[in-house]
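Visitor: Sequence:
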Amino acid sequence: MSDGVERSIAFASRTLNKAESNYAQVEREALSIVFGIRKFHQYLFGRKFTLLTDHKPLRTILGPHTGIPAFAASRMQRWALLLSAHDYDIKYRKSELHGNADGLSRLPLPLTKPDSRHVDIFYFRGVEDAPVTAQQVRRIIRNDPVLAEVMDHIIKGRKLNDTPEFIPYFSRQNELSVQSGCLLWGRRVVIPPPLRRSMLKQLHAGHCSMVRMNEVGRSYFWWPGLDRNIEETAKTCTTCQQVQNAPQSATLHPWEWPGEPWQCVHVDFAGPYEDRMFLVAVDAHSKWPEVAIMRSTTEKTIEKLGEMFSRFGSPETLKHSLKASVGQGSLHQHLHRSNKPKDKQPSTDPLNLVIMYWHGTTMEDPSGFLPLWWLQQALYRIRYKQQRT
1101 MSDGVERSIA FASRTLNKAE SNYAQVEREA LSIVFGIRKF HQYLFGRKFT
1151 LLTDHKPLRT ILGPHTGIPA FAASRMQRWA LLLSAHDYDI KYRKSELHGN
1201 ADGLSRLPLP LTKPDSRHVD IFYFRGVEDA PVTAQQVRRI IRNDPVLAEV
1251 MDHIIKGRKL NDTPEFIPYF SRQNELSVQS GCLLWGRRVV IPPPLRRSML
1301 KQLHAGHCSM VRMNEVGRSY FWWPGLDRNI EETAKTCTTC QQVQNAPQSA
1351 TLHPWEWPGE PWQCVHVDFA GPYEDRMFLV AVDAHSKWPE VAIMRSTTEK
1401 TIEKLGEMFS RFGSPETLKH SLKASVGQGS LHQHLHRSNK PKDKQPSTDP
1451 LNLVIMYWHG TTMEDPSGFL PLWWLQQALY RIRYKQQRT
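Counted the way my numbering counts, the sequence shown spans residues 1101 to 1489.
Hints listed in this document are in silico derivations from the structure and should not be mistaken for laboratory results. Ideal Cβ placement from N, Cα and C applies to all residues, glycine included. It is possible that part of the hints are untrue.
[Said to hold, decoys possible] Calculated pairs, DSSO-like style, for lysine-lysine (alpha carbon to alpha carbon, straight line, at most 30 angstroms): (1) Lys1139 - Lys1156; (2) Lys1301 - Lys1256; (3) Lys1400 - Lys1387; (4) Lys1156 - Lys1259; (5) Lys1139 - Lys1256; (6) Lys1118 - Lys1139; (7) Lys1148 - Lys1194; (8) Lys1404 - Lys1301; (9) Lys1387 - Lys1335; (10) Lys1256 - Lys1335; (11) Lys1118 - Lys1301; (12) Lys1335 - Lys1400; (13) Lys1191 - Lys1156; (14) Lys1148 - Lys1118; (15) Lys1387 - Lys1404.
[Said to hold, decoys possible] With beta-carbon atoms standing in for the labels, derived distance ranges: (16) Arg1159 - Glu1315: 47 to 55 angstroms; (17) Lys1387 - Gly1136: 46 to 54 angstroms; (18) Gln1342 - Phe1266: 20 to 28 angstroms.
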């Protein structure tokens, strides 16, 4: 009112259903705001209004001028997006001054009809042999003294202690949430200590680089010291150390990047392995690899190249060092029949094929990178590891 006195014009309340009662405290506080906005939408939409809350972190998470925190739980991000359709300010008020709403919250209705609209959202549930399951994480967290206490504090809305074992969680407590009995930081699952070794092993299953391991790991899970553990795993892998890149014998000269796929193709051989050679063709634009298994460097090389060209068309430029393998005359005849792509050879050394260099070292020892039931399946697995995003 004009004299500063607050007058109530409508009331609404409800109790939490079974699923909502398992929300973290910050989520329950946010849920009360979302419930009120939806309930009184016809009063509020199109008007400037003020939200009063006694939970200080909500000023940042749901503030109209602060933006949605990147590591907020998915549920909180959806609610913040819903509130963005309204014109409002959000202010903090101490609990002792918030009695007009806080008092009613302590006198709940005896029964609330279950909300049939509530669903659990699964991004992917098609892996039967997953290295870690939600049931395992939930069971181990219950027996872990640190994570169990962190989860209890998050659910009850109590502030974490800043003791050494809780410091990593103390700085993230407003971004932690609980889903299906698991602790989440944003959308990343917090993995308990007994399961971390198996997660690192699965993350390094394709013997990818430390950078790639960080990219994949940071998308799905987290624990304190994850980056350091990934670095240690990559540096202590025996297989990776055996096939690591040798020092460069000369300065590499990169080719110009083509403007479209399959415009320029690099071709070279990798191997031998198990008495087989691998004819590798790499598109210089997309880095897409085509691989053919051969008994030698002279057997059916032209035929395999023709098979690749039949799928993607003839490239404008073919860069290779195959003169000694198939004969320059035979190669020229094939290129003439294939719409005459430009036949270029490296000016000095095959190492000038910088794109082939990376793929060649990857293909050098398939058995060291993936279980080799047979060569063709190993190739499929290697290509999958390289191309997945």
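Visitor: Report the numbers of all earlier hints that the structure fails to satisfy, in ascending order.
Guide: Per hint list: 2, 8, 10, 11, 12, 14, 16 and 18 violated.
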